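J.: One line per chain: the protein sequences are G and Y, in this order.
Going by the working numbering, the first residue of the first sequence is number 1473, and it counts up by one from there.
Going by the working numbering, the first residue of the second sequence is number -15, and it counts up by one from there.
Keep in mind the hints are simulated off the structure, nothing from the lab.
Fair warning: this is a prediction, and the values are worked out from it, not measured in the lab.
There's no promise every hint is true.
Here chain G is said to cover these stretches of chain Y; the calculated rule only asks that three of the stretch's residues, wherever they fall, bring their Cβ under 8 Å from a Cβ of chain G [said to hold, decoys possible]:
#, region
1, 203 to 216
2, 321 to 332
Mimicking DSS-like on lysine-lysine, the simulated pairs with C-alpha atoms at most 25 Å apart in a straight line are [what the hints assert, rightly or not]:
#, chain 1, residue 1, chain 2, residue 2
3, Y, K119, Y, K147
4, Y, K22, Y, K147
5, Y, K104, Y, K119
6, Y, K188, G, K1643
7, Y, K153, Y, K388
8, G, K1564, G, K1643
9, Y, K188, G, K1622
10, Y, K388, Y, K188
11, G, K1622, Y, K388
For every residue, glycine included, the Cβ atom is placed at its ideal position computed from N, Cα and C.
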Amino acid sequence: MEVIKFGKAAALIVAFGVVVGCSSKGGDASGTGAGTGAVDPNAGYTSTSPSSADDGVTSEEAALRAITTFYFEFDSADLKQEAMRALDVHAKDLKAEGNRVVLEGHTDERGTREYNMALGERRAGAVQRYLVLQGVSPAQLELVSYGEEKPDALGSSEEDWAQNRRVELRK
Amino acid sequence: MRKAAKLTRLWMAAVAVLFMAQTAMAQNAIEITRGTDKATPVAVVPLGWQGSSPLPEDVAEIVGNDLGHTGMFVPFDRGNMLSYPTQASEIFPRDWNALGVQYVVAGRVTNPSADRFEIKYVLYGVAREEVLLSKTVSGTQRQLRDMAHHMSDEIFEELTGIKGAFNTKLLYVAAERHSAENTRFTLQRSDYDGARAVTLLQSKEPILTPSYAPDGQRIAYVSFESRRPEIYVHYVQTGRRERITSFEGLNGAPAWSPDGERLAFVLSRDGNPEIYVMNLATKNMRRVTNHYGIDTEPAWMDNNTIVFTSDRGGRPQIYKQNINGGSSERLTFVGNYNANAKLSVDGQTMVMVHRQQGYRNFHIATQDLKSGNLRILTETSLDESPTVAPNGTMLIYATRQQGKGVLMLVSTNGRARSVIPTQFTDLRVPSWSPYLP
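Could you build the full structure based on these sequences and the hints that come with them?
T.: Put into structure tokens, the structure is as follows:
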């Protein structure tokens, strides 16, 4: 379920990036409401066909940069391919800018709260390790696990749970 | 003789309870029989009151509910009572016997001076036509609930030999969510039955795992108020707070040692979650576990031994460990998820969150530490955070109803079950106080 969800979100963001173009670095794609009419719900990473190679690289990078929430399978702290692609861009930015970010780990509501604190930290740790492998200094990365205390989705469906199993990268 | 027989029956109920208080254990050797025993009907008659305005509390109802919560007694419906006696001489044993009532509590409230209320009551044994207890309790109007719980304690102890735990408190966290980024978390302290909640702390960030020290004066909890977890000790009387840990990574799951001098908790400052014990006077800290897996949720078995949750075997299970060293011993083998263990007062029984199979259904279960026998107490699917009354007769846990967190009170014999009433919409992490002075 959550794979599909992630795909949709990514598609949205990619399409958004293509429509608006993206010259600014590290911009947050949310909150403008622009470009929503132009989104093809079936679009994916590979379906975007930029007019020139340069623009394509920039806009795809911008789209990936806009992804700051990374989702996980149930009972897993393994990064997904899509997450790694976005994290590659974040790693590049972090190395260039030297700024500090917080990696917030979250879980779904199943299981005990303190155990989930540990699981959330394990997820944030997976993101941290990946970024460090890409050359980011550990000193730039603060880990905070909120366990199941800050759900994004309030329900108890598989879909809600998938939305809550996440790491958020916050500046 | 009749009394002895009656008490034996009650003892049997108490044993089925699994969580017997140590004192009770010492006094009686009993055979265990399960499933044959029923809750004993007790009539708590509405108390007589001559005042011009009604009393702010229905004392008889509070007493009836208290006794009913243990699952050992069931309050008799006042609508079916044939009379409302207020003293022993007005009790007609044949009437009550015909109704199947075995004990009657009757009394009256007087108001001898300005803010002084006096309750004079009797506990009457119907079968033997005898007054078992005749007492007077007094206090201010605001103390009427305390007086009611005090009555319940005395009645319960007279009937069962087990010290009552009705004059105890409950800690829990309430969350009022206005949006994903705007939730108000409050630490609440109420009577054990949810009445008279008082806010001890409020925050825009999560508060977690509150628990009373054995002295009943201090509370430990985790607060994210600085946008990261920190462990605090909070002095209830003065409101003074002391920050105990603020290390990088996890600071969680504080648990008081039985002597009240130390806290066990979880830190991940060494790279993964490990359990530490801190002496609160000296602030000396010692690491207890050493494993690359998750070690969390310590609970004290005695002053030298903890149990904790670990996924070192692949899935979360409960382990036991001497805090001074040595190897850990796995305690749970039934089910694919066992976590957040708490020990009964006598150390014989463990209560915990248990998942038999699959991924969805978490229940509260007890495990007899000698026999290893497991008993599942709850039937909902997201049950967690069990906390046991200091006399072991009742437990409270958190679960979800209609998408909101609620607290359930259940008797340890599984017979009585009720939702703790609250003014808040979303509750979690209940923690029962010890006996309070």
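J.: Any hints this thing doesn't respect? Which numbers, in order?
T.: Result: no hint breaks.
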